[in-house]
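Chemist: Please arrange chain V on chain C, whose structure you already have, making use of the hints.
Residue-level listing of the chains:
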Amino acid sequence: MFKVKITDAKLLRDMFQAIAILVDEATFNLTPELIQLRAMDPSRVAMVDFQWPKTIFDEYQCDQPQKMCINISELLKLLRRTAKEETIELSLNPENPRLQIGITGKYTRTFHMPTLEPQEEETPTPKITFKTTAKTTTDGFRQAIEDAQLVSDHVRIEADAEKLTLQATGDLMGATIELKKGSDALLDLQTQEPAKATFSLSYLVEIIKAASATSEIATLQFANDMPIRIDFHQPKEGKLTFYLAPRIEVE
Amino acid sequence: MEFSLIADCYEKIESTTKRLEMTQYLVELFKITPAEMVDKVVYLTQGKLYPDFVDVQTGIAEKLAIQVVGKATGRSERDIRGELAKTGDIGETVQGFMTRKAQSTLFDGASLTVKTVYDQLDKAARAAGSGSMERKLSLLAGLLTSASPKEAKYIIRIVTGNLRLGIADMTVLDALAIAYGGGKEARAPLERAYNISSDLGRVAKIVTEQGLGGVQRFRVILGNPIRPMLAERLGSPEEILEKLNGKCMAEFKYDGERVQAHKKNGGVTLFSRRLENITTQYPDAIELFKEHIRVKNAIVEAEFVAVDENTGELKPFQELMHRRRKYGVKEAMKKHPVSIFIFDLLYADKRDYTLEPYPVRHEKLKHIITQGDRVTTAEFLAVDNVADLERFFEKAVEIGCEGLICKSIAQDSLYQAGARGWMWIKYKREYKSEMSDTVDLVVIGAYHGRGKRAGTYGALLLAAYNRDDGVFETVTKCGTGFTDEDLERIPKMMKKHRVPQKHPRVHSMLDADVWFKPEVVLEVLGSEITLSPIHTCAMNSIREGSGLAIRFPRFTGNYRLDKSAEDSTSNEEITKMYRNQLKKMSES
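Protein chains in written order, with this note's numbering: chain C, 1 to 251; chain V, 1 to 588.
Since the hints were derived computationally from the structure, they do not count as laboratory data.
Be aware that one or more of the hints could be misleading.
Unchecked claim - Straight-line Cα separation of at most 30 Å, DSSO-like style, residue types lysine-lysine; simulated pairs:
(1) V:Lys-101 x C:Lys-67
(2) V:Lys-426 x V:Lys-364
(3) V:Lys-63 x C:Lys-209
(4) V:Lys-115 x V:Lys-101
(5) C:Lys-77 x V:Lys-12
(6) V:Lys-31 x V:Lys-86
(7) V:Lys-395 x V:Lys-426
(8) C:Lys-209 x V:Lys-101
(9) C:Lys-196 x V:Lys-101
(10) V:Lys-290 x V:Lys-452
(11) V:Lys-563 x V:Lys-495
(12) C:Lys-84 x C:Lys-54
(13) V:Lys-48 x V:Lys-86
(14) V:Lys-123 x C:Lys-77
(15) V:Lys-395 x V:Lys-335
(16) V:Lys-101 x C:Lys-131
(17) C:Lys-67 x V:Lys-123
(18) V:Lys-428 x V:Lys-583
(19) C:Lys-209 x C:Lys-239
(20) C:Lys-77 x V:Lys-326
(21) V:Lys-563 x V:Lys-492
(22) V:Lys-452 x V:Lys-496
(23) V:Lys-123 x C:Lys-209
(24) V:Lys-150 x V:Lys-115
(25) V:Lys-366 x V:Lys-395
(26) V:Lys-517 x V:Lys-576
(27) V:Lys-326 x V:Lys-48
(28) V:Lys-517 x C:Lys-127
(29) V:Lys-205 x V:Lys-115
Unchecked claim - Here are the simulated distance ranges between beta carbons:
(30) V:Lys-63 x C:Glu-146: 51 to 61 Å
(31) C:Lys-209 x V:Glu-2: 33 to 43 Å
(32) C:Glu-122 x V:Gly-213: 22 to 32 Å
(33) V:Lys-63 x C:Glu-74: 39 to 49 Å
(34) V:Gly-213 x C:Arg-109: 49 to 59 Å
(35) C:Pro-97 x V:His-322: 38 to 48 Å
Since the structure is predicted, the reported quantities are computational estimates derived from the model, not experimental observations.
Every residue, glycine too, gets a C-beta built ideally from N, C-alpha and C.
With the rest of the complex left out, here is chain C (with noise of 0.2 Å):
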């Protein structure tokens, strides 16, 4: 048995939202303890790793750990039909592979989707040595990612001991952004040695995009043409972390 209750519909339909921007069918672990996924996009460029403890949801009952497959851009579209402060009940039957949603607010309405076959791997941590780690409140470090955007495709997120420096070049133009350590926007820094590395802006910005809707504050690691891992705080222990693979410089 399966079931879960939360008050608060929006913040359900912006968890689901960030993972939705890397995966279309997503295995969910359901433990007695809380839900968790860690899943890549199909061109394994990006990965998600989301944890939410049952102390965020009103109600929690799992009796014991299970996995659950869904469609999530289908469970969006329902749960893209509730207003703010309706309830959601999310529950599942073992006799019946089926999700049910009941939505509470003004009137009652409930929604049964299928569970697809569950992806049996589990999608492993990348093992890598960070040598910066930098602290910034999400809506900073998205505005400077969305300057970037303006000018290119993609951006090199470069650090020394001072500041967090975004340089994007394009075909014609080109954008530097300065975070300065102890800036409204730069919370902390703390760097071992300078590393620098370019990402892909059309993953970037959808990822800030999608998780800046539950997430005040980002932590981002990084080293020299490694993957960036980014932190982004959750209320109540929540856990909401992207990885995304470098690209590689050409000519």
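Modeler: Relative to the frame of chain C, chain V by itself:
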């Protein structure tokens, strides 16, 4: 089974132009393919995912393909377009970019299996509805990311419909015969199985799993289209009769769309001549088949012809093109109705009729259909002499048919699926006399209208003037070109000219519903002038027993009130027009 095995095989096939070598490479590939994958390998090798009659759009447009390559390699669409302009081949382009990718991945993927490739392509092909483009993009890009450069080349060629290995269906059958049928001699039964199922993958699976015995037990399956039997062509009735041992069944060759209809438990599926599923285009035909085919299960072949709903006249093939659409089917159905002329029966009541001679099939066909206004058997006539054949041919041409199909009625006249042979012989016109000028014709009779034209005339019987004899000779039946005002005006105008029976100065072999004194002259434009056994104009002047007729006539809107009946176009002028404009038709 790893996809690299397939990619390696394709590379070898591409390196040769010799059919024998290609066949040998395919044999090797089929031998290492597990039985449960062989159908998929066959579809992929043809650059497809399913047999043609499965109604799923497999291919993606170049624009989306470029986005896929961009996402998989991290290159900009501009770079890819630039490279594509140089190589001219999306396969080469992706192979190049895959060897120098601009985007790394978090983990290396496992090597691709044929099953993964097929399943992902299948998922992408079936993605529909909102967000389906993004889903296709992400699935295909994901597939490419896991592929080696060489594999990526062939995958992108398959999804863009550019896998041109030059392997004919028959080469696949040869390879299957050698790999699993015990040798090349097995090709004939394999070919028959293919011709009656149109599904190479299915044939491959059967021969791999059950051997040649399974193939020989294979029968027509309701729902799988049968590859159509085709006709040879001869230019003269003498040759045709000689080829068919002096007698045959001649059938009108309608100028329409050839359709194979499968009625299964009462439901109907339609396939085009190219075996595409065209069921959704003809909801009207579906209902007609349900009603007019009296058995629960059957496969019939028919010609769909556009008709004028007011007059019942046949219209040329181009009119049917209005029915080739996905949207607005209902409107098109109302504006462009079709008549159905059934000409063969391939399956009925659990019996495979392709193995029966034509007379048996035709007899059974007549038995299982209820003839009606819009559904009939194709007009047929048993003939054993040139004169009858010629007359029947002219009749066919005049009403708008292309000519005749003359069919063998011998014991061995089985339905030869997928084959062009001498069991059926086309007799089409070699000459055509196109009309470029209008003619002025006299109204001498009329037919009652139906449908929207109930209460007025559906068509007028028109005549040319024969000066020598002082008579009016019929040349065409015209029901096209009339506006609503014309339809209202003409009966009033003609009322005073009505006569109780055919006017003595009118020479007609046709029976009109209403007869008129020759008085009123209308201007008409036709598409061409043909020989006709039923119109009396210039009778015997070109050929003994035949007159001349105007095909596809249309009223121009001009009432030639200035002309008397005797001033109308004469039979001599029409003869001259026929002769002057006679042109050899191009082969088609």
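Chemist: All the hints need checking, so say for each whether the structure fits it.
Modeler: Hints, verified against the model:
1. V:Lys-101 x C:Lys-67: Between Lys-101 (chain V) and Lys-67 (chain C) the Cα gap is close to 35 Å, so the pair fails against 30 Å, i.e. violated.
2. V:Lys-426 x V:Lys-364: holds, 23 Å
3. V:Lys-63 x C:Lys-209: Holds - the C-alpha atoms of Lys-209 (chain C) and Lys-63 (chain V) are around 26 Å apart, at most 30 Å.
4. V:Lys-115 x V:Lys-101: Distance of about 25 Å is within 30 Å: holds.
5. C:Lys-77 x V:Lys-12: violated, 48 Å
6. V:Lys-31 x V:Lys-86: Measuring from Cα to Cα gives roughly 38 Å; hence the hint is violated.
7. V:Lys-395 x V:Lys-426: holds, 15 Å
8. C:Lys-209 x V:Lys-101: Distance of about 26 Å is within 30 Å: holds.
9. C:Lys-196 x V:Lys-101: Distance ~19 Å between Lys-196 (chain C) and Lys-101 (chain V) Cα, so the pair holds.
10. V:Lys-290 x V:Lys-452: holds, 25 Å
11. V:Lys-563 x V:Lys-495: holds, 19 Å
12. C:Lys-84 x C:Lys-54: holds, 20 Å
13. V:Lys-48 x V:Lys-86: Holds - the C-alpha atoms of Lys-86 (chain V) and Lys-48 (chain V) are around 27 Å apart, at most 30 Å.
14. V:Lys-123 x C:Lys-77: It holds: about 20 Å lies between the C-alpha atoms, which stays within 30 Å.
15. V:Lys-395 x V:Lys-335: holds, 27 Å
16. V:Lys-101 x C:Lys-131: Holds, at roughly 25 Å.
17. C:Lys-67 x V:Lys-123: The hint holds at about 22 Å.
18. V:Lys-428 x V:Lys-583: holds, 14 Å
19. C:Lys-209 x C:Lys-239: holds, 17 Å
20. C:Lys-77 x V:Lys-326: holds, 27 Å
21. V:Lys-563 x V:Lys-492: Roughly 19 Å between the alpha carbons, so the hint for Lys-563 (chain V) and Lys-492 (chain V) holds.
22. V:Lys-452 x V:Lys-496: At roughly 24 Å apart (the allowed maximum being 30 Å), Lys-496 (chain V) and Lys-452 (chain V) satisfy the hint.
23. V:Lys-123 x C:Lys-209: holds, 28 Å
24. V:Lys-150 x V:Lys-115: With Cα atoms ~18 Å apart, Lys-150 (chain V) and Lys-115 (chain V) stay inside 30 Å; holds.
25. V:Lys-366 x V:Lys-395: This hinted pair holds, its Cα atoms lying about 22 Å apart.
26. V:Lys-517 x V:Lys-576: Holds, because 27 Å separates the two Cα atoms, which is no more than 30 Å.
27. V:Lys-326 x V:Lys-48: Within the cut-off at roughly 22 Å; holds.
28. V:Lys-517 x C:Lys-127: violated, 101 Å
29. V:Lys-205 x V:Lys-115: Holds. Lys-205 (chain V) to Lys-115 (chain V) sits at ~15 Å (cutoff 30 Å).
30. V:Lys-63 x C:Glu-146: 51 to 61 Å: violated, 26 Å
31. C:Lys-209 x V:Glu-2: 33 to 43 Å: Holds - the Cβ-Cβ distance for Lys-209 (chain C) and Glu-2 (chain V), about 39 Å, lies within 33 to 43 Å.
32. C:Glu-122 x V:Gly-213: 22 to 32 Å: violated, 47 Å
33. V:Lys-63 x C:Glu-74: 39 to 49 Å: Given range 39 to 49 Å: violated, Cβ gap about 26 Å.
34. V:Gly-213 x C:Arg-109: 49 to 59 Å: Given a distance of about 58 Å, which is inside 49 to 59 Å, the answer is holds.
35. C:Pro-97 x V:His-322: 38 to 48 Å: holds, 47 Å
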